[in-house]
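Peer 1: For reference, the chains in residue letters:
4 protein chains.
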Amino acid sequence: MGLLKMGMIGGGAGSFIGDVHRKAASIDGMITLVCGAFSSTEEKSLASAEALGIPKNRAYGSFEEMIKKEALLPEEERMDFVAIVTPNHMHFPPAKMALEHGFHVICDKPMTLTLDEAQELENIVESSQKVFALTHNYTGYPMVKQAKAMISKGDLGIIRKVNVQYLQGWLSTAVEKTGQKQASWRVDPKKSGIGGALGDIGTHAENLVEYITGTQIEELAADLSAFGEGRTLDDDGNILLRFKNGAKGTMTFSQIATGEENNLGVKIYGTKGSLEWYQENPNELIARWLEQPKQIFTPGGNGGYPEASDYVRIPAGHPEGYLEGFATIYRSFAKELINIKNGQSMAKKFDFPTVKDGTRGMKFIYAAVKSSSDNAKWVKI
Amino acid sequence: MGLLKMGMIGGGAGSFIGDVHRKAASIDGMITLVCGAFSSTEEKSLASAEALGIPKNRAYGSFEEMIKKEALLPEEERMDFVAIVTPNHMHFPPAKMALEHGFHVICDKPMTLTLDEAQELENIVESSQKVFALTHNYTGYPMVKQAKAMISKGDLGIIRKVNVQYLQGWLSTAVEKTGQKQASWRVDPKKSGIGGALGDIGTHAENLVEYITGTQIEELAADLSAFGEGRTLDDDGNILLRFKNGAKGTMTFSQIATGEENNLGVKIYGTKGSLEWYQENPNELIARWLEQPKQIFTPGGNGGYPEASDYVRIPAGHPEGYLEGFATIYRSFAKELINIKNGQSMAKKFDFPTVKDGTRGMKFIYAAVKSSSDNAKWVKI
Amino acid sequence: MGLLKMGMIGGGAGSFIGDVHRKAASIDGMITLVCGAFSSTEEKSLASAEALGIPKNRAYGSFEEMIKKEALLPEEERMDFVAIVTPNHMHFPPAKMALEHGFHVICDKPMTLTLDEAQELENIVESSQKVFALTHNYTGYPMVKQAKAMISKGDLGIIRKVNVQYLQGWLSTAVEKTGQKQASWRVDPKKSGIGGALGDIGTHAENLVEYITGTQIEELAADLSAFGEGRTLDDDGNILLRFKNGAKGTMTFSQIATGEENNLGVKIYGTKGSLEWYQENPNELIARWLEQPKQIFTPGGNGGYPEASDYVRIPAGHPEGYLEGFATIYRSFAKELINIKNGQSMAKKFDFPTVKDGTRGMKFIYAAVKSSSDNAKWVKI
Amino acid sequence: MGLLKMGMIGGGAGSFIGDVHRKAASIDGMITLVCGAFSSTEEKSLASAEALGIPKNRAYGSFEEMIKKEALLPEEERMDFVAIVTPNHMHFPPAKMALEHGFHVICDKPMTLTLDEAQELENIVESSQKVFALTHNYTGYPMVKQAKAMISKGDLGIIRKVNVQYLQGWLSTAVEKTGQKQASWRVDPKKSGIGGALGDIGTHAENLVEYITGTQIEELAADLSAFGEGRTLDDDGNILLRFKNGAKGTMTFSQIATGEENNLGVKIYGTKGSLEWYQENPNELIARWLEQPKQIFTPGGNGGYPEASDYVRIPAGHPEGYLEGFATIYRSFAKELINIKNGQSMAKKFDFPTVKDGTRGMKFIYAAVKSSSDNAKWVKI
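Protein chains in written order, with this note's numbering: chain E, 1 to 381; chain G, 1 to 381; chain V, 1 to 381; chain C, 1 to 381.
There may be inaccurate statements among the hints.
Chain V regions said to be covered by chain C (calculated; three or more residues, Cβ under 8 Å) [said to hold, decoys possible]:
hint	stretch
1	16-23
2	58-68
3	103-115
4	176-184
5	286-298
6	307-318
DSS-like mimics (lysine-lysine), calculated; alpha carbons at most 25 Å apart, straight line [stated by the list, open to error]:
hint	chain 1	residue 1	chain 2	residue 2
7	E	244	G	130
8	V	370	C	190
9	E	44	E	335
10	G	130	G	177
11	C	363	C	335
12	E	370	G	190
Here are the computed distance ranges between Cβ atoms for each label pair [as the list claims (entries may be wrong)]:
hint	chain 1	residue 1	chain 2	residue 2	range
13	C	76	V	345	21 to 27 Å
14	V	291	C	47	34 to 40 Å
15	V	57	G	158	54 to 60 Å
16	G	158	C	292	33 to 39 Å
17	V	174	C	344	34 to 40 Å
18	C	64	E	271	43 to 49 Å
Derived from the structure by calculation, the hints contain no laboratory data. No residue lacks a Cβ here, since even glycine has one placed at the ideal position from N, Cα and C.
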């Protein structure tokens with residue numbers, strides 16, 4: 001398992017997004033994490049490496065060290081690419097260096113701290129002939145790909161109206177003053193750049209609508225706000241949009257939308273039909289039509305285009321997330337085995353179904369068949 | 001990555017559930033697939049192994065061969081456990097043999113072909129002192145664990161009524177006559193046992209309600225049907241339930257419920273409150289109360305018990321499935337790199353965001369900030 | 001307004017269902033309430049009549065008096081029909097008497113206290129040549145009629161499975177011991193007959209599935225319970241169903257399903273498609289298909305059959321209930337006028353929009369048009 | 001029934017909104033339609049009057065005639081108020097005249113054709129000492145009143161963000177060129193004023209957010225569009241909002257949002273909580289909180305404030321619309337009786353439940369009780 005070797009920059013203990021990248025990289029069995037500069041100090045980086053099962057000699061104290069040393073390793077051993085999961089201000093330096101040392105790069109968004117950096121990076125990528133991917137993950141959902149396919153095939157006619165929202169509430173209170181790590185860098189212009197919520201989630205909304213519609217925002221009129229006391233970066237914004245193809249629309253995003261979790265959603269209206277999708281319920285793509293009833297498309301379900309179903313890992317009705325529920329059983333089982341490996345006595349400490357559940361299931365089957373064969377007579381299990 | 005070594009029995013090319021097990025096993029980075037008897041012939045097994053990046057010498061032609069040969073390998077090399085993902089009639093033989101050779105086992109459900117086998121297996125597990133896990137995966141969802149926790153803490157009072165459903169439509173037509181592999185063994189009593197839909201999905205429903213409620217079905221009255229022409233096993237069933245604690249209820253399941261994808265759902269009513277959950281929308285647990293408004297619990301969201309939030313891999317609002325969307329970006333990126341490794345020229349053949357998307361995002365941020373600082377004046381991107 | 005003259009039996013002060021009947025009768029402007037025997041005593045009946053604007057001489061102390069006296073009035077004055085809205089045990093006597101005196105009857109359900117009464121009433125109706133209607137109101141929803149039409153036209157193929165539920169929680173606690181009027185007669189076999197929740201809501205479920213499917217329940221196996229301490233009538237039930245056409249299914253109903261309000265819902269599966277409908281969200285009829293995406297039908301919306309759209313009072317998207325919201329404005333306005341009529345000074349005591357809201361709306365229009373004509377410049381309202 | 005006497009201006013045959021006003025006025029039994037100037041010609045007005053059961057001498061050829069003649073009738077006979085349901089340009093003249101002749105007025109929105117008219121009308125209302133109500137009907141929903149009450153009590157803290165939408169698709173194509181009456185005046189500035197969709201539905205959105213939040217829009221930046229070929233009035237608009245209390249937000253409305261029916265919705269975010277409500281599902285008010293799970297409020301349900309529950313006509317779970325379903329039974333019954341009155345033979349031509357349904361229900365009860373008393377044995381109905 002794992003045909004490609006990944007080195008990670010950032011993502012040490014306590015990092016949310018580093019963990020997400022690692023899990024996402026491992027699902028399809030094509031990528032193995034082989035090294036990392038997980039934290040800004042060698043000590044912390046080592047601790048993270050150990051927890052992740054990475055050998056000591058592949059845990060580096062800085063991204064510079066990692067890139068240099070890995071470049072000297074034989075090809076079959078050295079990392080193939082780096083995954084950059086640091087705060088925004090630390091995207092450009094390692095990306096540049098990695099590309100210049102011959103490594104492919106996959107990087108969190110927004111891509112850089114400044115627009116100048118972004119444009120420089122674009123040039124570097126082009127001259128390096130290396131692959132650069134940005135994790136605008138919301139374009140990875142099958143139903144987003146279905147939406148894009150439906151529009152590019154003309155199913156909706158000409159797009160005339162777009163409403164996109166990305167609503168979170170986690171900055172409704174002054175969490176950045178409570179020591180919460182992510183909050184503190186998100187509200188700091190030195191680490192986040194000139195956009196706060198705008199850079200963090202507004203760019204997702206921008207990317208999503210341009211990805212799905214196949215057209216681009218031509219001009220915008222934005223009203224950004226910093227509602228949180230003492231904040232200099234926006235934590236909320238409302239934007240009027242005009243698209244190159246003549247469509248118009250709105251974008252609204254917020255991190256002070258109290259109680260909202262991660263409510264990214266989009267509505268797109270064409271002359272023949274329209275689409276609606278929400279990330280919190282990602283398995284439903286709602287389509288409305290001029291003369292037909294509203295339809296609901298699902299991953300792998302009826303009416304799906306290959307452009308979408310190619311990205312479905314499981315059958316229709318098994319929601320995105322089915323794999324994770326399944327993985328939970330494996331994880332609890334694995335934890336039990338690791339405890340045993342570590343010399344602990346076998347005591348079912350973790351929550352997974354056992355042989356007793358299996359027997360119980362068989363008894364249920366037998367009782368049900370017996371009852372049914374006797375015209376639904378009551379049978380004790 | 002991968003502290004535990006997994007051997008797989010079944011799950012060769014074209015197997016749905018084998019792939020699910022592999023992906024589920026890999027998400028948390030604790031398990032590595034090291035060997036397999038993927039198919040009933042050595043040739044097919046080898047082909048599967050190659051596709052999965054397993055060395056030839058760890059691809060076996062039969063589970064017997066695998067268990068015997070792996071048992072002879074040094075501990076640091078040999079598999080720690082086997083994952084059994086074959087049709088039902090091939091669960092018991094490899095489970096028994098693996099346990100007797102000192103391997104832990106994780107096995108698909110229903111556990112065995114017959115109740116006799118189940119009871120024998122229970123004895124073998126006990127005497128082997130090995131861990132046996134059954135993949136009743138629906139108990140792996142955080143909101144199912146939240147439901148269980150709420151009931152065990154008494155939040156709902158005494159449970160009085162339970163309605164559970166598991167509705168699929170994939171056997172609405174005679175797909176077993178079209179050569180569809182899974183359909184053909186599911187309707188075959190020699191491979192499935194005495195229960196059809198009952199064994200395949202009824203057992204999930206049974207396991208789910210007993211898991212959540214903490215009580216057990218005491219007796220049942222079942223009305224099973226085989227609507228599909230020529231079928232001998234049930235493809236639909238309706239059951240009256242009576243529970244040990246005095247609760248009563250219904251179970252309905254079907255594989256001829258036309259248009260249903262995987263509609264597993266449960267409603268549980270207590271004296272103080274009630275719960276409702278559907279697998280197709282697994283991030284919502286609906287709670288109703290005697291005197292308070294209806295509430296919606298979400299993974300990692302407000303009001304979640306540790307028993308549930310311990311099983312959440314990502315923050316609230318990032319649905320189950322977020323990891324898979326994310327993984328799609330990684331997979332497309334990986335495919336591009338593999339093509340390059342294989343000597344193909346760099347041509348962006350797969351769908352992932354690139355440096356251009358990154359620059360576009362930066363331009364969007366700059367335009368929005370400029371517009372906002374000029375009182376929402378229109379700014380071109 | 002009001003071409004038909006209605007007399008009401010029951011429905012005095014504090015009666016929920018009497019008020020529902022009166023409002024329902026008045027919506028379409030075809031029926032006027034002209035007389036009533038609203039309560040068991042003349043005094044109470046008079047008080048109700050006064051509140052309803054019925055002249056004293058048309059308020060009767062008993063249904064017998066009303067039927068006799070009304071029958072003597074000239075045709076252009078006397079009631080055309082009676083509406084019977086008493087508890088179950090008082091359905092049969094007035095229905096019989098009214099029919100025998102030449103009046104049409106509309107009656108609440110269940111129709112009678114006993115099956116014998118029902119069969120006798122059937123004979124009386126036949127010989128009387130009068131119209132008898134039973135208010136199985138749930139068959140009055142446009143989406144229920146759409147469902148019936150789709151099935152009768154064969155859109156779903158042959159019906160094979162039916163799941164119906166009617167879940168309420170209002171008897172979860174012992175409300176009948178708190179003096180709540182409706183609860184006390186509902187749990188009293190002398191007033192309700194042999195069925196408790198069964199008669200009250202189970203019959204609605206029975207009527208609904210037979211109405212929609214066009215076939216009938218042939219046999220059933222029922223497990224009724226009285227969970228509430230001291231209750232002799234069922235407050236919960238689970239039933240296996242077999243239909244005349246070969247379909248099978250379940251019915252579950254409850255008045256101890258804590259937190260449920262009025263959750264009547266039905267799922268019907270055919271060989272070609274299936275339908276799902278819930279009374280608490282009555283404007284959506286969900287259709288699933290063998291090969292097409294799921295569809296949502298709405299009253300007056302795309303794809304509706306005339307059999308349904310003939311029963312829609314308002315355009316698509318104006319939900320059932322739009323009229324009531326509208327009526328609320330009228331009611332508050334009416335209350336204000338009545339106060340003024342009664343000599344009170346004009347003081348806006350009730351909640352309705354006024355001329356100031358109208359001016360505000362005009363200012364909004366003017367500001368928006370001005371802003372837009374100036375390229376979305378900010379304009380103060 | 002009907003303590004107040006209503007005269008109607010407009011609302012003749014083929015008018016959607018006239019019919020809505022009549023039905024809304026009649027539900028609560030407080031208002032009777034006694035006269036009308038239903039159309040612009042006496043002939044058409046007479047025809048409408050006849051269909052509505054209004055005597056000939058109370059059907060007028062013009063509103064001027066009606067107001068003058070009604071003013072001369074004795075008080076117990078003459079109308080108490082006029083309901084104005086004409087196109088926008090015909091709101092002001094009859095409203096002015098009615099008020100000046102001593103009649104109260106209830107009027108459709110937007111209130112007038114121009115802002116000047118609105119301000120003049122405001123003065124007239126004040127000097128007339130008559131009641132003027134505007135049918136901003138969406139403020140009549142119980143859950144809208146619940147939202148208003150929650151905010152005014154401070155449950156949500158300080159309001160910071162408001163997103164409101166009103167999306168329809170009925171002008172997606174050039175229906176105004178097909179002879180559709182409403183479409184043709186809606187797109188005509190002479191009849192609609194300077195706002196198209198803005199005046200028709202934008203004003204509803206404006207009224208709704210100001211009603212609920214208790215604050216007002218202070219300034220706005222609007223981008224209006226006329227997508228339909230040849231249209232001079234807007235059929236779509238996007239607006240940035242700033243409120244007097246410091247909140248910011250967006251409004252988006254459209255009549256070219258293909259497939260949308262009547263999707264009015266609002267999201268309001270405060271420092272302590274937030275609310276979300278949609279007119280197409282009016283029985284649910286979603287509340288999100290800083291630290292508690294999401295809640296769903298329902299009309300008459302748990303947690304409702306008296307400010308809302310005072311406006312509920314039926315118990316919790318009986319959705320808005322329950323009355324209309326109920327009324328459908330009454331209407332079919334009434335049609336049958338009218339046919340009979342008109343001398344037709346009794347033939348059940350309309351769809352309502354009969355005595356046979358009643359007997360069937362009794363048989364169902366008897367069968368279920370018998371089965372249950374015999375331990376759920378099968379019993380034939």
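Peer 1: With reference to the structure, classify each hint as holding or not holding.
Peer 2: Structure-based check of each hint:
1. 16-23: Holds, because 6 residues of the stretch 16-23 of chain V bring their Cβ atoms closer than 8 Å to Cβ atoms of chain C.
2. 58-68: Since three or more residues must qualify, the claim that chain C covers the stretch 58-68 of chain V is violated, with 0 doing so at under 8 Å.
3. 103-115: With 9 residues close enough to chain C, the hint holds.
4. 176-184: violated (count 0)
5. 286-298: n = 1 at 8 Å, threshold three: violated.
6. 307-318: Coverage by chain C holds for the stretch 307-318 of chain V (7 residues, Cβ < 8 Å).
7. E/244 x G/130: Violated. Residue 244 of chain E to residue 130 of chain G sits at ~64 Å, over the 25 Å cutoff.
8. V/370 x C/190: Judged against 25 Å, a Cα distance of about 18 Å means the pair holds.
9. E/44 x E/335: Given that 25 Å is the threshold and the Cα spacing comes to 24 Å, the pair holds.
10. G/130 x G/177: 41 Å, violated
11. C/363 x C/335: Since the Cα atoms of residue 363 of chain C and residue 335 of chain C sit roughly 29 Å apart, the hinted pair is violated (cutoff 25 Å).
12. E/370 x G/190: 18 Å, holds
13. C/76 x V/345: 21 to 27 Å: Given range 21 to 27 Å: holds, Cβ gap about 22 Å.
14. V/291 x C/47: 34 to 40 Å: The hint (34 to 40 Å, Cβ to Cβ) is violated, given that residue 291 of chain V and residue 47 of chain C are roughly 50 Å apart.
15. V/57 x G/158: 54 to 60 Å: 55 Å, holds
16. G/158 x C/292: 33 to 39 Å: For residue 158 of chain G and residue 292 of chain C the Cβ distance comes to about 25 Å; the hint is violated.
17. V/174 x C/344: 34 to 40 Å: Since the Cβ atoms of residue 174 of chain V and residue 344 of chain C sit about 52 Å apart, the hinted range of 34 to 40 Å is violated.
18. C/64 x E/271: 43 to 49 Å: 44 Å, holds
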